[in-house]
Amino acid sequence: MDLSVIDWGDIWQATWETLVMTGVSLLFTVLLGLPLGILLFVTARRQLLEQRALYAALSFVVNVLRSVPFLILLIVMIPVTVILIGTSLGVEGAIPPLVVGTAPFFARLVENVLREVDRGVIEACQAMGIRTSRIIFGALLPEALPGLIAAVTVTAITLMSYAAMSGVIGGGGLGDLAIRFGYQRFQTEVMVITVVLLVVLVQFIQYAGDRLVLYFTRK
Amino acid sequence: MIRIENLHKTYRAADGREVQALADIDLEIAGGEVFGIIGRSGAGKSTLIRTLNLLERPSSGRVLIDGEDITRLDREALYALRRRIGMIFQHFNLLNAKTVAQNIDWPLKATGHGNAAERAARVAELLALVGLSEHGHKYPSQLSGGQKQRVGIARALANRPRLLLCDEATSALDPETTQSILRLLLDINRQLGLTIVLITHEMQVIRTICDRVAVIDGGRIVESGKVADVFLHPRHAVTRSMVAQSDALAAASLDPAHAYMSDKLRGTLVRLTYLGDVTYQPILSRIMAGARVQVTILQGEVSSIKDVPFGQLLLELEGSEEDIRAVFAELDRHRIHHEVVQ
Chain H
1 MDLSVIDWGD IWQATWETLV MTGVSLLFTV LLGLPLGILL FVTARRQLLE QRALYAALSF
61 VVNVLRSVPF LILLIVMIPV TVILIGTSLG VEGAIPPLVV GTAPFFARLV ENVLREVDRG
121 VIEACQAMGI RTSRIIFGAL LPEALPGLIA AVTVTAITLM SYAAMSGVIG GGGLGDLAIR
181 FGYQRFQTEV MVITVVLLVV LVQFIQYAGD RLVLYFTRK
Chain P
1001 MIRIENLHKT YRAADGREVQ ALADIDLEIA GGEVFGIIGR SGAGKSTLIR TLNLLERPSS
1061 GRVLIDGEDI TRLDREALYA LRRRIGMIFQ HFNLLNAKTV AQNIDWPLKA TGHGNAAERA
1121 ARVAELLALV GLSEHGHKYP SQLSGGQKQR VGIARALANR PRLLLCDEAT SALDPETTQS
1181 ILRLLLDINR QLGLTIVLIT HEMQVIRTIC DRVAVIDGGR IVESGKVADV FLHPRHAVTR
1241 SMVAQSDALA AASLDPAHAY MSDKLRGTLV RLTYLGDVTY QPILSRIMAG ARVQVTILQG
1301 EVSSIKDVPF GQLLLELEGS EEDIRAVFAE LDRHRIHHEV VQ
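Quick note, the sequences are listed as chains H and P, same order.
Using the working numbering, the letters of the first sequence correspond one by one to residues 1 to 219.
Using the working numbering, the letters of the second sequence correspond one by one to residues 1001 to 1342.
There may be inaccurate statements among the hints.
What the hints assert, rightly or not - For lysine-lysine, the following DSS-like pairs were computed, each having C-alpha atoms within a straight-line distance of at most 30 Å:
1. P:Lys1138 to P:Lys1109
2. P:Lys1138 to H:Lys219
3. P:Lys1226 to P:Lys1306
4. P:Lys1109 to P:Lys1098
5. H:Lys219 to P:Lys1098
6. H:Lys219 to P:Lys1109
7. P:Lys1138 to P:Lys1098
Simulated from the structure, these hints should not be mistaken for lab results.
Isolated chain H, as found in the complex (with noise of 0.2 Å):
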């Protein structure tokens, strides 16, 4: 392997471009998908503001939308994306498919790891008399803290590989130097690197996820 042929400035700002395109996205997924996954947890069967025909039209819309699979999403979101953006190529273009193709994905995270709180604490809150808002904010989403921390753990790693296969539509980042160069150029060493440097992410986002979640967990 000759190393010798890698430009490692591209590297880096296709580094830097997948962390932007995958922090981005996150923060819009986590502002999409936590206030969906609360309201799926809520209005369920037997739950605080149960609305079964509210949930099981979002649950429909979050199924659809996760039933897609994702390169097909990148497709079918490029008029979507020029309406929103201006353009579908690029960092920018990449961040509206990641974010609606991740939102659902972490709004069903979410739900689940609200249910895992014990519904004795939520009941022992409503025999105080405490408003039901009062509940969700103050008592629910803090006890669910470690559990949502590694929810949105698994949604940025997600992220970061969808990230890398909208270099397929001509989104940045290191999944599109992999392709321009890695695939289409036969430059294997590129290849190499790029998979090598996603290997080195994905485990750090993990390592400082589950320090996170230890740091918060209070059981």
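Assemble chain P onto chain H, guided by the hints.
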């Protein structure tokens, strides 16, 4: 203080069948008393106590607290009601992400009760009341079961309720810790004049702190009354078996059908039951001194129900029918309950 009238609760099980959880419940609980509801698991006791703060909504019937039918309250009034009722649970249900002090503060903070300084003072007062002043900064996972329940009690008292509901509050604790929690509840009942309604499956809990008890079975109240009456003279089969199980050894030896005993019995088996001061007086010795009857004590217990001492003896009396009748007359004169056991 509390009146339950003709309460019914049915719910639909997962398989679609209608299940009757509570039927024809009528109860009256006076202010300041410790009222126990005892029953086996699945008897409906948990559903019953949860109708008192509407964690469980009855299908029909009324629940009156201080004369007000709580089943008709709107949402705001229900919040207000629940703030006046404390509740503690079998599994404590503390917030794991909050410290002990934050747990106690939570109902105050979340219901907009006082400023931070006032709340901190109240939390300190409550920590002292339950004997956990040193543990305010700890998290629930660092506490023992008994300490967790003390936090639960402090939290339930934060809003100065007049009624405390205890949902199997000692069932997850060892016997020694159970006693200390029961003692704390009794202290609170006396110091604060708090009405306590508790459910349990343990006769020991009822005996230790309750004034009155209701026995629930199959969703219905089968027997209720003063603890001493129900405990010493159980009428319903379920009550009898629960009383017997609370002291299994005694139950076995009290059973006249017991093979070992029936071989050796010659005289008349009599069970004596007495309550109060008479427990500590030499009544038996006085009665027997003048009687021409031989007496053998086969089994006996001298203990107390809450603060009231009682004794229960199984005696074998040997003598003529006339002499035995004379003993019974003496027992009657001293107001000692007696019954011939077959």
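Right, here's what the structure says about each hint:
no. : hint                   : verdict
1   : P:Lys1138 to P:Lys1109 : holds, 19 Å
2   : P:Lys1138 to H:Lys219  : holds, 12 Å
3   : P:Lys1226 to P:Lys1306 : holds, 11 Å
4   : P:Lys1109 to P:Lys1098 : holds, 13 Å
5   : H:Lys219 to P:Lys1098  : holds, 11 Å
6   : H:Lys219 to P:Lys1109  : holds, 23 Å
7   : P:Lys1138 to P:Lys1098 : holds, 9 Å
Checked against the numbered hints above, the structure breaks none of them.
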